[in-house]
Structures are given as C-alpha cells and as structure tokens.
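Based on the provided sequences and hints, a complete structural model is requested.
There are 2 protein chains.
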Amino acid sequence: MSGFQRYKKILDLFSEDRSSWTVSEISNELKTPSSTIYRIVREMVIAEFLESAAGSYFRLGPAFIKYNRTINLSDPLVRAGQPFLEKLANENPIVSINVLARLYGNKVMCVADYKSPFFKNNTSYQKGKLMPLMYGATSRAIIMQITGRRLDELINLENFYSEDEKINFLEGLKKDRKKGYCFTQGQVDKGLTGFAVSISNKKLGIEASLSSIFNSSDFLLEHKPLIYANLTSYGLLVEKYINEIFNDIQNYHNKLN
Amino acid sequence: MSGFQRYKKILDLFSEDRSSWTVSEISNELKTPSSTIYRIVREMVIAEFLESAAGSYFRLGPAFIKYNRTINLSDPLVRAGQPFLEKLANENPIVSINVLARLYGNKVMCVADYKSPFFKNNTSYQKGKLMPLMYGATSRAIIMQITGRRLDELINLENFYSEDEKINFLEGLKKDRKKGYCFTQGQVDKGLTGFAVSISNKKLGIEASLSSIFNSSDFLLEHKPLIYANLTSYGLLVEKYINEIFNDIQNYHNKLN
DNA sequence: CTGTAATTTATCATATAATGATAATTATGA
DNA sequence: TCATAATTATCATTATATGATAAATTACAG
Numbered sequence: 003m004s005g006f007q008r009y010k011k012i013l014d015l016f017s018e019d020r021s022s023w024t025v026s027e028i029s030n031e032l033k034t035p036s037s038t039i040y041r042i043v044r045e046m047v048i049a050e051f052l053e054s055a056a057g058s059y060f061r062l063g064p065a066f067i068k069y070n071r072t073i074n075l076s077d078p079l080v081r082a083g084q085p086f087l088e089k090l091a092n093e094n095p096i097v098s099i100n101v102l103a104r105l106y107g108n109k110v111m112c113v114a115d116y117k118s119p120f121f122k123n124n125t126s127y128q129k130g131k132l133m134p135l136m137y138g139a140t141s142r143a144i145i146m147q148i149t150g151r152r153l154d155e156l157i158n159l160e161n162f163y164s165e166d167e168k169i170n171f172l173e174g175l176k177k178d179r180k181k182g183y184c185f186t187q188g189q190v191d192k193g194l195t196g197f198a199v200s201i202s203n204k205k206l207g208i209e210a211s212l213s214s215i216f217n218s219s220d221f222l223l224e225h226k227p228l229i230y231a232n233l234t235s236y237g238l239l240v241e242k243y244i245n246e247i248f249n250d251i252q253n254y255h256n257k258l259n
Numbered sequence: 003m004s005g006f007q008r009y010k011k012i013l014d015l016f017s018e019d020r021s022s023w024t025v026s027e028i029s030n031e032l033k034t035p036s037s038t039i040y041r042i043v044r045e046m047v048i049a050e051f052l053e054s055a056a057g058s059y060f061r062l063g064p065a066f067i068k069y070n071r072t073i074n075l076s077d078p079l080v081r082a083g084q085p086f087l088e089k090l091a092n093e094n095p096i097v098s099i100n101v102l103a104r105l106y107g108n109k110v111m112c113v114a115d116y117k118s119p120f121f122k123n124n125t126s127y128q129k130g131k132l133m134p135l136m137y138g139a140t141s142r143a144i145i146m147q148i149t150g151r152r153l154d155e156l157i158n159l160e161n162f163y164s165e166d167e168k169i170n171f172l173e174g175l176k177k178d179r180k181k182g183y184c185f186t187q188g189q190v191d192k193g194l195t196g197f198a199v200s201i202s203n204k205k206l207g208i209e210a211s212l213s214s215i216f217n218s219s220d221f222l223l224e225h226k227p228l229i230y231a232n233l234t235s236y237g238l239l240v241e242k243y244i245n246e247i248f249n250d251i252q253n254y255h256n257k258l259n
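Line order of the protein sequences matches chains A and B. First residue of the first sequence: 3, per the working numbering; consecutive thereafter. First residue of the second sequence: 3, per the working numbering; consecutive thereafter.
Just to be clear, a hint being listed does not mean it is correct.
One copy or any two copies: either way a pair holds, since identical chains are not told apart in the list.
Unchecked claim - In the DSSO-like style, the derived pairs of lysine-lysine whose C-alpha atoms are separated by at most 30 Å in a straight line are:
#1 109 x 68
#2 109 x 205
#3 11 x 205
#4 117 x 242
#5 10 x 122
#6 68 x 192
#7 89 x 242
#8 11 x 177
#9 122 x 180
#10 122 x 242
#11 33 x 205
Simulated from the structure, these hints should not be mistaken for lab results.
What follows is the structure in structure tokens.
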C-alpha cells in the first residue's frame, strides 16, 4: 500500500450497507496493524474525509459533501442543464423523471435530475450512482456519440454473450445515431420507458445525455413527437449554454495570466 | 508537505470560482516542481478524485459524487429526516424551505432540504455549504442543545464584539432552550424568517436541527402556533426514526461479530 | 466514584516511498 | 509537418511511513 491508495483503500470500505467502521475492523479487513490504521485515520479525520461517530466508529466525513457541492456549482453540464430539467418535465405530455448523465471512465453517472411532482416510480439513475454503459436510453445516448478507437476500447470492456450480440449492438447504435435519439423500454428498470438525446462539448470533454423517463403504462405512441421535440430543443439549448460557460471559463483564465 | 496533506492541498485549490487548474498552475501556486505535481495528480486521477478536462486542465473527479451519495444514503439524519421535509412543507401555512442541518466541527452544514414548489427566494443554507454557528434559527437550534465545556469551546472560537454580547447570546440561548424552539428574522438572509427545533441522538453523535424558513413578507404572527406544532411533532418523529436506524446499525454490526 | 478494559496516541529503529532535476516521450495545434 | 507544450520516466538523495511496543487517555460497568 502506498501513495494515495493507502487512503483510498480505507475510504472504499465505506458503503451504503456498511457506513461505519472501527479502527480494529479496518485493521482486520486490510490486514494492516492498527497502529498504522490509527495514524492514517487520524490524518483523514483532520482533513474531514472521515469523522468519528459514536462507539469508536468512524464514517465518511463532511469533506465529500463540500467537494460534491463545488462540483455541482461548477460542473458546466450541471450549471447549463439543471435549470432546464424542471421546464422539460412540465412540457412533457405525461409525468416524467428528467436526467442529465455523463460518462465517467467506463460508466455512466447521473449528475442532475428532476422528477415531476406526481411521478411515483423511481428510476435506477440516481444522482451519483454509476450505471452500466450498455443499457437504457440514458446511457445509449452517451455511447452513441463515441466512435473509432475510443468506442472499441469501451465496447471491449463489456461482456457480450456473443460476437453476434456485439455486432447487433453496434448496428443499433448506428441507427440511433442517424435518428438522433434513443428509445428503450425496460432495459434498466421494468415498467419504465426512456428517451434520450446526446449532449456533448469537445472542448470541455463532456460526453453526456439528456433524457426523459416515463412510466411505460402512461406512455402512448402519440406522445412520441412531443417528447422528441422537447428533448431535442432542450438538448440544443443545454449545449448552447455549455458553450457560453466554456467561454466564461476561458475569459476567466485569460484574465489570470 | 507530507501524508494526506499532500493530496488535500491540491484538492483545496478547486473552488466554485476556480474549478479547473493545470498542473503548471498548481505547481506555481504550491511552489512545488511540476514533476512532483504531475505524479500526485496522476495518482488522484486514477483514484477518480480528479479528472482531466479539456485544454490540459484538471477538475474534481467523480469520486466525490460517489462518496457523497454513500453519505446521503447512509447518514442516519438524512435517512430519518429526508422523507419528512416535503410533508412538513405541505403542512406549513405558507410556502417554506425546510432544512436538516448538523454540526460539523465548529460550523453548521445543511444535509437535506426541500423547497415548496412556489417558494421564490433562496436561503443561504444550501446542501453542503458550511454556515456560521452563531446566526440564524437553523444554527441556533443546534448550538442550544450543547452545554458545559463543549459549549465554552465552541463559543470561544467565535469573535464577539464584547464580553457583554457574549453573555447576551448565552442568555438568549438559555431562553430558547426553555421555549424549545428558535425564531430569528433576517440574521442570515434579509427578508427571511426562520423557525427551528433541535434534533439529537447521543449514541450516534448527532447534533442537528430541523428548520422551516419563510419569506418574512408572507409571515404573520398567527402562523406561529401551527409552524411550531409542525416542527415539534416532525422533530420528534425524526428523532424516533434516527433511533430505529441506530438499532438497525447495532443489529447489523452484532451479526458481523 | 473507581478500577479495568478498550481505545487512542507516542516513540523509534528500520524499511519504504516521495522528491525534484533532468531526459525522454507523447499530444496538440498552427 | 513541425514546433511547442504536456506528460511520463529515471534515479540518486532525502524524507516519510511502518509497525512493534509502551504510554496515555477514555469509556464504562459495578
């Protein structure tokens, strides 16, 4: 164990299911003497990456809340897109969850969402949760904008049942790219139907999507044109704002130099 | 620079105003050779605490979103209280922002909030933002539950204009403790009025508050009884649920051993 | 309140890792 | 394509982490 790994290995023990650990539990789990763990934990407590809780347990600290807030306030995708999610929900013909998601490594992460007031179900795309790249409209609208070697790399990380399935997937992707949007039913969550368009900004390295998710039971084919029109127009709007934010950032940094 | 500080110093450069840095900018700012910074940044990129953006800039990475989500899903205060914020908003006589906040070090941090659909203003208590301990009902309901040496320590960290002001503050706190709730107007945000009750759980080390914040222009004295009744009853409910969660956690850990 | 066990901190010789100057390689953009 | 900037690799030197142990502090049952 060396460098940042030393700290990360400890942080990674904390999960939704197991959100508090004692030093001796960590020590056992990582097979590392507790004097060492105590030292490292203390460092992270001082830095607020951990905090001590009752009964000599430790849990993740407030630093994560703080940095997460910084990301939210400064991420061009969130800044540009967040304000439109509610409007999009209001203009959709049926109740919906509306999601901004982006590529992180080889996974997709939702970074902002808005749910219509009377939408009852929950989608798996929750803010901060990593989702598979190959299923659902939200993810598909992201991967469909990627081509060439980059796409190959990502595709090769996935386990397809067969070569045929892989070719099939790529064919479908190509068609969606032509159509300009993705439409899937029940791929990620049973009973939910998703629509998505791509959002991208090369200069900022943003590979993302804007999607609306509906109850399959509410959804009728006649809704499709309006949903598509809404997503497309808001998608373009978000990209326009991302670009403006990029210019702001550039100007800011130019001023500094 | 050593230990965790090495990493934290870099992370702390990133802020809402300056959310992307190049290696050479970091190198200048920290007066550290860029070969060293490159090595450290690379480590953090691998760990997803940083990610590279366009134009050789780096920004905070997805790890923070992930860990923040873990905190949200597992924090007993959030888990117990989040579901009630919307209900509280609906039962209040006028539109409101409803906030769960807790003590972190010597600051107060909002960990969950719900805003009535038609509430226009914004409060300074945003999720993840650190707020002063001495102003506003939200903070006051937290500090008023602290006594003895702990209170002295926290009070001594604050800069009061005079000894008189300090004594005054402590007197007011005592009165609020007796009343069972706090009520302030315009202490943090002009034009906003706040009500708050304490939330605590000794076993879990939770020192927190539940508060409702209103537009001062909407607020009438006749609203007070209902607001107070709502806050008190939901406050007790939240504490009850926190306790249940504590028992769950205990059982879980007992099973593991 | 007291004694005891558990938790946390301190110490220190040794092993290990970080540093930074420099060179080599790899993107990037005109 | 070339030229410049960004990134990675190398390595001797310096600084830090490690972990066994002891000491101190805290928690808590009686």
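Evaluation of the provided hints:
| no. | hint | verdict |
| --- | --- | --- |
| 1 | 109 x 68 | both (23 Å within a copy, 12 Å between copies) |
| 2 | 109 x 205 | within (21 Å within a copy, 38 Å between copies) |
| 3 | 11 x 205 | between (33 Å within a copy, 27 Å between copies) |
| 4 | 117 x 242 | both (24 Å within a copy, 28 Å between copies) |
| 5 | 10 x 122 | neither (37 Å within a copy, 41 Å between copies) |
| 6 | 68 x 192 | between (35 Å within a copy, 24 Å between copies) |
| 7 | 89 x 242 | within (16 Å within a copy, 37 Å between copies) |
| 8 | 11 x 177 | neither (42 Å within a copy, 47 Å between copies) |
| 9 | 122 x 180 | neither (33 Å within a copy, 41 Å between copies) |
| 10 | 122 x 242 | between (32 Å within a copy, 26 Å between copies) |
| 11 | 33 x 205 | between (44 Å within a copy, 29 Å between copies) |
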